[in-house]
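Colleague: Sequence:
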Amino acid sequence: MSMGATARFAGFAVDAVPGEAARRILRLSLLDWAACAIGGADEPVARILRDMAVEDGGRAEASVVGAVGRLPARAAALVNGAASHALDFDDTHFAHIGHPSVAVIPAALAVAEKMGADDAAFADAALVGAEVSVRLGVWLGRGHYQTGFHQTATAGLFGAVAAAGRLLGLDAGQMAHALGLAATRAAGLKSQFGTMGKPYHAGMAAAAGVECAALAARGFVSRPDGIECAQGFGTTHAGGADAAGFDGMGEVWLFETVSHKFHACCHGTHAVLEALAGIADAVVPGEVSAVEIAVHPRWLSVCDLPEPATGLEAKFSFRLTAAMVLAGLDTGLSGTFTDAAARDPALVALRDRVRVAGDDGLAETAARVRVTCVDRVIEAAHDIAAPFAADVLDARLRAKAAGLLGAERAGALAEVTVEAPQVAGLAALLRG
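Just so we're aligned, residue 7 is where the sequence shown starts under this note's numbering, counting upward by one.
Treat the hints with caution; some may be incorrect.
Label-pair ranges, simulated between beta-carbon atoms [to be verified]:
| hint | residue 1 | residue 2 | range |
| --- | --- | --- | --- |
| 1 | Gly417 | Asp125 | 15 to 21 Å |
| 2 | Gly254 | Gln152 | 43 to 49 Å |
| 3 | Asp287 | Phe394 | 44 to 50 Å |
| 4 | Ala355 | Glu385 | 20 to 26 Å |
| 5 | Pro312 | Asp62 | 39 to 45 Å |
| 6 | Arg304 | Ala126 | 36 to 42 Å |
| 7 | Ala355 | Arg376 | 14 to 20 Å |
| 8 | Ala363 | Gly438 | 43 to 49 Å |
These are calculated hints, taken from the structure and not from any lab test. For every residue, glycine included, the Cβ atom is placed at its ideal position computed from N, Cα and C.
Build the full structure now, drawing on both the sequences and the hints.
Modeller: Structure below.
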């Protein structure tokens, strides 16, 4: 009898040995994740959750971004997950349209601190968890996302369990039970996009991942086939049971193709913004009569809010983000996305000249733009799936971190992530 999905993911989580190319990308993603977490520490969603966690108190096990002391591992994972997704500036994987790092790394770091795990074990656990998140998301298929589930919260929880369980030393049987528990805990809806509910999803997944793994380590049992069984997670959550989720697993690391953000808004808008940025110097905003945007239809239910009223909603609006770029605003700065910007008369006027249409002939990572001015028409296209050279990606992520934190703090963060992952050093910088 062939192994079911839960058992296959459990075995991979316990035994996988990452390749060096995947480890290099993980180190860059650690820098990016931590910069986003520290940068998002004072966002309202992070402050509310941190205040609640500090008020609840408990064992001093793991570091919390923006807090001096330590808190229980579950609480730390909750706050750090939400804070790192608060700016919506973190990495995305388009194989399943989810944000793996914000769900998985907080769980891995919290358990690593609690258990005193060594640095290499922490980094590999985070990488294995991220890979499980992406691959399980592929297994679930596009129907899961299109139905309205947020893969960061759903597939992300399974990845968080894999990372936490690996650090706790679960065997394959225990890991299957932990994943089975995740099948009954995973939740998160796309209807929350544009609200505090979206970053909360990342914290939910990270905290539940710590909990499910810890319970399994104590002997807690569940359905060890909870992902694929009748009335299991897949069948009840519009999962397609796509065997492609297992293609090359253990040899090919899908996480190597994770996409990092260089605009502080929904990743679905980025191909449009890159295309517009390439022609913005040739455009005078007051001379623009129309802007036509073509994207894959999938994004129309994700980031096409036509008249955003808040800074959070602005991050999910093709029309307003396009107006920002054409008006010369820096969408790489989180401070650009404010309530005032969403109401600015000049931006709103430019926004209202933008039209968005779906084109299923485009890749999910691609976009076309057409800007009609008084005396000319300018067209451009971009696909964010085009890979960066290794040195270019490294430089852009370091520059992004410096933009969020300042050069000195970003440099210190790079030393404990990109140069060599260090649990204690990373935790200390989160605490500030």
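Colleague: Against the earlier hints, flag every one the structure doesn't satisfy and list their numbers going up.
Modeller: 2 and 3
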